[in-house]
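Chemist: Read top to bottom, the protein sequences are chains A and B. So that you can map any letter, position 215 of the first sequence is 215 in our numbering, and since no number is skipped, the others follow by simple counting. So that you can map any letter, position 140 of the second sequence is 140 in our numbering, and since no number is skipped, the others follow by simple counting.
These aren't lab readings, by the way, just hints derived from the structure by calculation. Just so you know, even glycine gets a beta-carbon here, dropped at the ideal spot from N, CA and C. Check each hint, because a few of them may be wrong.
[Stated by the list, open to error] With a cut-off of at most 25 angstroms between alpha-carbon atoms, the simulated SDA-like pairs for lysine to any residue come out as follows: (1) 80(A) <-> 108(B); (2) 312(B) <-> 385(A); (3) 278(B) <-> 108(A); (4) 278(B) <-> 320(A); (5) 278(A) <-> 386(B); (6) 80(B) <-> 172(A); (7) 80(A) <-> 227(B); (8) 278(A) <-> 277(B); (9) 80(B) <-> 386(A); (10) 95(A) <-> 277(B); (11) 278(A) <-> 48(B); (12) 244(B) <-> 273(A); (13) 94(B) <-> 385(A); (14) 278(A) <-> 334(B); (15) 278(B) <-> 81(A); (16) 94(A) <-> 94(B); (17) 278(A) <-> 94(B); (18) 274(A) <-> 330(A); (19) 94(B) <-> 386(A); (20) 278(B) <-> 79(A); (21) 278(A) <-> 244(B); (22) 278(B) <-> 385(A); (23) 278(A) <-> 81(B); (24) 95(B) <-> 386(A); (25) 80(B) <-> 228(A); (26) 80(A) <-> 278(B); (27) 80(A) <-> 30(B); (28) 278(B) <-> 172(A); (29) 80(A) <-> 276(B); (30) 312(A) <-> 385(B); (31) 278(A) <-> 45(B).
[Unchecked claim] To list a few chain A residues with every Cβ distance to chain B over 12 angstroms, as calculated: (32) 36; (33) 317; (34) 368.
Residues per chain, in single letters:
There are 2 protein chains.
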Amino acid sequence: MGMNILIAHGGGPTAVINRSLQGAVEAARDDGRVGRIYAARFGAEGILAGDLIDLTGASAELIARLGQTPASAIGSCRRKLTDADYPTVLETLKKFDIGAFFYNGGNDSMDTCHKVNELAKAEGLDLRVIGIPKTMDNDLTCTDHCPGFGSAARFAALSASELALDASALPIHVVVAEYMGRNAGWVTAASAMAARLTNCPVLTYLPEVAVDEDRMLADIERAWAQGRGLLVTVSEGLRGADGKPLADTGIVDGFGHVIPGGTAQHVTDAIIQKLGLKSRAEKPGLLGRAAMPYVSAVDREEAYAVGRAAVKAALAGKSGYMVSIQAVRAPVYASSMELVPLADVANAEKTFPLEWIAGGNAVADEFFDYALPLMGGDWPEYAILR
Amino acid sequence: MGMNILIAHGGGPTAVINRSLQGAVEAARDDGRVGRIYAARFGAEGILAGDLIDLTGASAELIARLGQTPASAIGSCRRKLTDADYPTVLETLKKFDIGAFFYNGGNDSMDTCHKVNELAKAEGLDLRVIGIPKTMDNDLTCTDHCPGFGSAARFAALSASELALDASALPIHVVVAEYMGRNAGWVTAASAMAARLTNCPVLTYLPEVAVDEDRMLADIERAWAQGRGLLVTVSEGLRGADGKPLADTGIVDGFGHVIPGGTAQHVTDAIIQKLGLKSRAEKPGLLGRAAMPYVSAVDREEAYAVGRAAVKAALAGKSGYMVSIQAVRAPVYASSMELVPLADVANAEKTFPLEWIAGGNAVADEFFDYALPLMGGDWPEYAILR
Chain A
1 MGMNILIAHG GGPTAVINRS LQGAVEAARD DGRVGRIYAA RFGAEGILAG
51 DLIDLTGASA ELIARLGQTP ASAIGSCRRK LTDADYPTVL ETLKKFDIGA
101 FFYNGGNDSM DTCHKVNELA KAEGLDLRVI GIPKTMDNDL TCTDHCPGFG
151 SAARFAALSA SELALDASAL PIHVVVAEYM GRNAGWVTAA SAMAARLTNC
201 PVLTYLPEVA VDEDRMLADI ERAWAQGRGL LVTVSEGLRG ADGKPLADTG
251 IVDGFGHVIP GGTAQHVTDA IIQKLGLKSR AEKPGLLGRA AMPYVSAVDR
301 EEAYAVGRAA VKAALAGKSG YMVSIQAVRA PVYASSMELV PLADVANAEK
351 TFPLEWIAGG NAVADEFFDY ALPLMGGDWP EYAILR
Chain B
1 MGMNILIAHG GGPTAVINRS LQGAVEAARD DGRVGRIYAA RFGAEGILAG
51 DLIDLTGASA ELIARLGQTP ASAIGSCRRK LTDADYPTVL ETLKKFDIGA
101 FFYNGGNDSM DTCHKVNELA KAEGLDLRVI GIPKTMDNDL TCTDHCPGFG
151 SAARFAALSA SELALDASAL PIHVVVAEYM GRNAGWVTAA SAMAARLTNC
201 PVLTYLPEVA VDEDRMLADI ERAWAQGRGL LVTVSEGLRG ADGKPLADTG
251 IVDGFGHVIP GGTAQHVTDA IIQKLGLKSR AEKPGLLGRA AMPYVSAVDR
301 EEAYAVGRAA VKAALAGKSG YMVSIQAVRA PVYASSMELV PLADVANAEK
351 TFPLEWIAGG NAVADEFFDY ALPLMGGDWP EYAILR
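Just chain A, same shape as in the assembly (with noise of 0.2 angstroms):
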């Protein structure tokens, strides 16, 4: 009888979250020494209501299609754990007789791998505990990037070139398309490169710099005066001079928070109502991180790699850490598994250099030198005959 573990999902889903659920099971099942191979149903729910999914059986071809499927297979929720919480949690750890612990997810998801660590160690609990990165937004500390960043990068990057070539092509209005990133603009910065595929004009509008409303449609007014129509690409969490975001729905929900969003259309209304242009607004959102055949080669084979080395680093008797994925980009990329402790990630975050932003409405080299090896390569090359 080997060493059960588990495995949950905190947070929102990438494109490759699933691939490290893969990583995570095969190589639990090649070592040899792992005993029962729980997934928490629907994340941190799941955890708290003892209702673990048992994939000891799984079929190898199933937990291959892991692979190709978006969204996380097996849940989870945005509940963040309270300490009220924790004694549950190490409830269902002992029930299921949980030898090693490992939760893929983000900022809040590290705090609680850290929690749940420190509390094993108080209680005496022979418990390993391991974080596996995952986030879109790019936005951990002690790690070059997180794996699901490159996929939603490249997304970005060729949606854009395909929306950027409809805007150019058929010259009819200001086309407007907002990116998910509601405090990063790392992902939207990728959009960026469709200037790069299809050299048709694009501007690019991140969270980081408030946007002077006026200067913005003087921006647009100037580069479609060039006659070669426009693409704006914007990042759903765009603020005004006031500071707060453009675009508010004016809508409360059942929690009180007032729903954000819309940005695009609220920068394609300004477009129609003060410049006169005919404009519309496009808003892939959650596809920015589901939107399989867009997933960068890189990054789908680095979230693999970051499954693996988890649990390879729990069968080694490691607690306490998250696995960090180190990066050379020169002579040629190249990237390696280690660890780092949970305790120098936990709510710590990441930000866009504000020096990657150039002019208020593009990005600098800089963004791509970093970022192009983790989007994938592969780069269409469009036949552009006009």
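Given the structure of chain A, go ahead and fit chain B onto it with the hints provided.
Modeler: For chain B alone, kept in the frame of chain A given last:
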């Protein structure tokens, strides 16, 4: 010196319109009887301005890249030619000594084709005119379906599947997604494929049936109550009980037209305000006709074939026809390219069969019998473990 030919694009592009251009150019080169190969820069605008692109010397490699290029590689426009324009059109055709003219487009373009053909005959011009069908909306008559539809339908089917999985894996909000199609539900109907591919709850609303908003919200509330998340897909042209579009932005463009759209956001707002549920709206918009990774392999090949067939017909002396796709679906799907008189096609419209709309919020099997073969097969098998 062979016969000079001219190819033009009309109206909105599709993901495979450039494949038809590739087919036409390669057929012209293979035949050996063609002199110069011209393309109109930005469609009718280029014809009227005598602004043609000379593709005669374009490399085979560049022409082959058309197949991976979205939007129109030669440019298109929305200008509908009037009687006053036709003399200028004939002037350009004479100036460049055009022997065969190919117009790739939808209903309006086929009407234009027909008129150019009649006028050329009346003036004794030695001109052959062939229409190449194209529209993601699938509303052309006299053909089993239109090139461009299969890829738009595949995009709707797969992107809705990805959104349904996300909505189900993290069931914190009702996800509402808007698909293109102001008058016809062909594309949005394909999004109902998500229920088959994922087994997640999906409700689909087409523009052909006016919705009773209270009943729609009751459907949504009931589906949500199952606790498995929910995706609602709506057509951008969805109408309310009063026959008017559900979403009225209240904004009038420079041409005096009210800008439609925002239907998903409208439904989302109603869900939040009237049902007290969390909800978010997505609008992939133009990606529905531009997202190359979702192109249907069948659509891609048929788009190429209609381009080839058009050139072949003209070189065989035919004029006044549109290439039409004839298809059989049993025992296996097969299609062939035929010719139908432009007079039969011009200004008619293929409507979505009302009997294919099941219960107002789903799509009948008959639709999938019709549309599935066009979407290209090779469907992903997802691993859903929760």
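Chemist: Which of the listed hints are broken here?
Modeler: 1, 4, 5, 8, 10, 14, 16, 17, 18, 22, 27, 28
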